[in-house]
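Given chain A, work out where chain B should sit, using these hints.
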Amino acid sequence: MSTTTPVKRARPKFAVNLRQYGILAALAIIIVLFQILTDGRLLLPGNVNNLIQQNAYVLILAIGMVIVIIAGHIDLSVGSVVAMVGAVTAISMSSWGLPWWAAVVIALLVGALVGAWQGFWVAFVGIPAFIVTLAGMLIFRGLTLVLLTGGTISGLPSEFTAIGAGWVPAWFGEVGGRDVLTIALGVLTAFALIVQQLRIRATLRKLELPREPIVSLWIKSGIAAVAIIWFAWLLSGYSGTPIILIVLAVLILGYTFLLNQTVFGRHVYAMGGNLFAAKMSGVKTKWVDFFIFVNMGVLAGLAGVVSTSRAGGAVASAGQNYELDAIAAVFIGGAAVTGGVGTVIGAVIGALVMGVLNMGLSILSVDAAWQMTIKGLVLLLAVAFDIFNKRRAGR
Amino acid sequence: MEHTTILRMNNIVKDFSGVKALDGVSIEVVRGEVHAVCGENGAGKSTLMKVLSGVYPAGSFEGTIEFEGKPVSYKTINDSEADGIVIIHQELALSPFLSIAENIFLGNENSTRGIIDWNKTNREAALLLARVGLAENPATKVLELGVGKQQLVEIAKALSKQVKLLILDEPTAALNDEDSAHLLGLIEHLRGQGITCIIISHKLKEIKRIADTVTVIRDGKTIETIAMDGPDATEGRIIRSMVGRELNNLFPPREPKIGTEVLRVEDWTVYHPVDTTRKVVDAASFTVRAGEIVGFAGLMGAGRTELAMSIFGRSYGTKISGRIFKNGDEIQLRTVDEAIRHGFAYATEDRKRYGLNLIGDITVNVSAAALGKLAKWGVIDRYREYKVANSYREKMNIKAPSVSSITGKLSGGNQQKVVLSKWIFAGPDILILDEPTRGIDVGAKYEIYGIINELAAQGKAVVVISSELPELIGLSDRIYVISEGKLTGEVAAADASQETLMHYMTAGKD
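Taken in sequence, the protein lines are chains A and B. Counting in the numbering used here, the first sequence runs from 1 upward without gaps. Counting in the numbering used here, the second sequence runs from 1001 upward without gaps.
Hint data in this document are derived by calculation from the structure and do not stem from the laboratory. Mixed in with the good hints, there may be bad ones.
Computed footprint of chain B on chain A, listed as stretches where at least three residues anywhere in the stretch have a Cβ under 8 Å from a Cβ of chain B [unchecked claim]:
{"hint": "1", "region": "205-219"}
{"hint": "2", "region": "271-280"}
Here are the computed lysine-lysine pairs in the DSBU-like style, where the Cα-Cα straight-line distance is at most 30 Å [as the list claims (entries may be wrong)]:
{"hint": "3", "chain 1": "B", "residue 1": "Lys-1373", "chain 2": "A", "residue 2": "Lys-279"}
{"hint": "4", "chain 1": "B", "residue 1": "Lys-1395", "chain 2": "B", "residue 2": "Lys-1352"}
{"hint": "5", "chain 1": "B", "residue 1": "Lys-1120", "chain 2": "B", "residue 2": "Lys-1164"}
{"hint": "6", "chain 1": "A", "residue 1": "Lys-206", "chain 2": "B", "residue 2": "Lys-1120"}
{"hint": "7", "chain 1": "B", "residue 1": "Lys-1221", "chain 2": "A", "residue 2": "Lys-279"}
{"hint": "8", "chain 1": "A", "residue 1": "Lys-284", "chain 2": "B", "residue 2": "Lys-1373"}
Even glycine gets a Cβ: it sits at the ideal position worked out from N, Cα and C.
Okay, chain A solo, but in the shape it has when bound (with noise of 0.2 Å):
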């Protein structure tokens, strides 16, 4: 250009995310809290175990939806397509017969069906998807009582029943009666944590871009190693790895992949960022929004899997309220309710705040009404906390 005058190079100062630490010490300080509460059993290894198994869906369902959120949108129906989904797995094994994997197939394109369903409806006819999913809250919990007319489903092969309340087996065996492969997969990831901090750090360092100071990133990294291998230690002197974890940490680690790398994360960002402009840089919007819809019909799909697969059996009750366990744990990660921010992590760990809740809670014996009022109080209290910090960084 005509003018280069000489660009500056201050070093630039790191901002600290005031949002996803937050939601970390949030998770940390709720911990100790019931640890201390419960006098030490909220970390019993059988709790740890079913603090994962038992909230498998809602990380599950929290993965989709915070894709929705990001792009400006919610869906309410989830939790009726988990029942729905729920009644034609437990269906097509005991009436139909088919094997387990088939029946989580077809579970996969039942839940991928509704969600092409709400999404036309959201894209191409553009319903707000409030009143599409709304719709859809009341026909698939409609149509999951007409599947369940002969009553519950139960009995279903214990290979189904695995996914949701089963271990991965001992390959390497017992030390002490400690499971082996769990402690070396935990090893293993707390490893890969800090392997990959530091080198997305050495990236941003090529880059000139601003970063967070070494000392900080080994002691956080060096925290979450401990807590990730402690973790493992508590699952490996219960049953050793429930197969769900490893479902889980799949789905995150390529959902955050999605959303980070890929033309279709940025798509949606950008859409829930400013929609006129993503429109007007050439985003098929009308596209990207049916995908995401389809996505969390797919993960829906999954979670009525893994819930009917937990229960034993399909219910026409199933699923109640999981809708709102999902979309207050991706408030409670830090997504934006209008839409441009929030991340897989975030929603993940919203979820363990509302999981550790639940169990810290029933752990006390506190009354079911008490407990869904406290987690009521804690949604508001997330967001507001969010909103304050918000406001103060735009000062």
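Leaving out everything else, chain B in the frame of chain A:
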């Protein structure tokens, strides 16, 4: 008619964080007259009316206002309305799902202890509608009315408030010819009933028809007041007063190297997306050659942006007809994506609304229109993406600590450079830049002129839409003028003066 002054505004100065929108405007309006306020885009007309009506409260500006001989200081619109001053904005402020009668009396309901007297409401509404010549049932919902009729409802609403001074901000800008004629007739009729009118307009034919007096404003100053029955009341005189903005922008030197025709648009006609009877662009035909900078001049609402957006993947309008040729071959641009793939780029006039993801950083904004160049199998090479963004940050001199800076926090000039980076990275052959220097300081303007020149030097066809006539003359090789949707003139920049351009800009349909 007794000749008394109803309104006197003295030496009004209003600045917005250092920028003077009004710099000593004085205006005197005689009771019972139609007083036109004229001026280019951004001259300060609307700001002046907002000062008068209390949108900008007393104390936020300097100078004095006298209404009916008494000094007044309005804190809110309600204060000015209590005195009988009613302003009707260009964007109508009616509630579409309420009836005509409900809208007329909104905030001013005929009620006792909160219970509305519907008989009285509808009866009085019917009388008011008769006064403005609108033959509609008062119970009709406003959304069923066209823009012209909605405007009449606004006037009826003003009459219900015992209006003494009615201010109309570009009242015919959104109307078709028939509705415009009716409205002007109504204004004359109201004058007969003793209501004083201030009409903001830049349609000279209209002004000649109804105004008794014209005050011309330029750069926040009163230039002159002309009595329309006097010898000075010629279009040429008004135009000379409106233009003549000082040429205080310097332009970087440039040697135009103009090649063959790249873009040709023929008979481009676009209708308004909601009011589908109204032509927004009317049979426009133009060409742009390689390495050429073509300017588009026109007043607010003339259809410049609508022309550009409708070409760019039909982003605006309905019933679009006409043909587009690129390098001699006819092409179809049905979506923005198609337009980008055919080598078009359009940097919008409203960069915050249509141009940028303000919560995203510089990187994601720069790559937004050409992610495909950085991705393989749908996976973005983020390392390269940062590199690209950073190269534009340096080349375009975007002042930000790093490419991870959030675009919403950058200054207007730097935001505009991000928008330009985005489109330059998309590698277009044809760039349409809509008000590329709006709201940008002088230094950044000069840099952006340099960027535009460089693009032309690379052989790209560049279209610049601007409200600043000196900018168009200084930057372009050729200038098209658009007025009320029609191309009314084509001038070589070397022969163009602000006066000739303004002449074409105000040349309405006869």
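Go check the region 205-219 of chain A versus chain B for me, would you? Three or more residues, Cβ under 8 Å, otherwise it fails. holds (count 4)
Taking 30 Å as the top limit, are the C-alpha atoms of B:Lys-1373 and A:Lys-279 close enough? 18 Å, holds
Straight-line alpha-carbon gap A:Lys-206 to B:Lys-1120, limit 30 Å: Since the Cα atoms of A:Lys-206 and B:Lys-1120 sit roughly 76 Å apart, the hinted pair is violated (cutoff 30 Å).
Verdict on chain B covering the region 271-280 of chain A, criterion of 3 CB contacts below 8 Å: With 7 residues close enough to chain B, the hint holds.
Below or equal to 30 Å on CA atoms is what counts here, so check B:Lys-1120 against B:Lys-1164. 23 Å, holds
Taken at face value, is the distance from the CA of B:Lys-1373 to the CA of A:Lys-284 at most 30 Å? OK: A:Lys-284 and B:Lys-1373 at ~16 Å, within 30 Å.
Hint consistency between B:Lys-1395 and B:Lys-1352 [alpha-carbon to alpha-carbon, up to 30 Å]: 22 Å, holds
Would the pair B:Lys-1221 and A:Lys-279 pass a check requiring their Cα atoms to be no farther apart than 30 Å? The given pair, whose Cα atoms are some 40 Å apart, is violated under the 30 Å limit.
Checked against the numbered hints given earlier, the structure breaks hints 6, 7 and satisfies all the rest.
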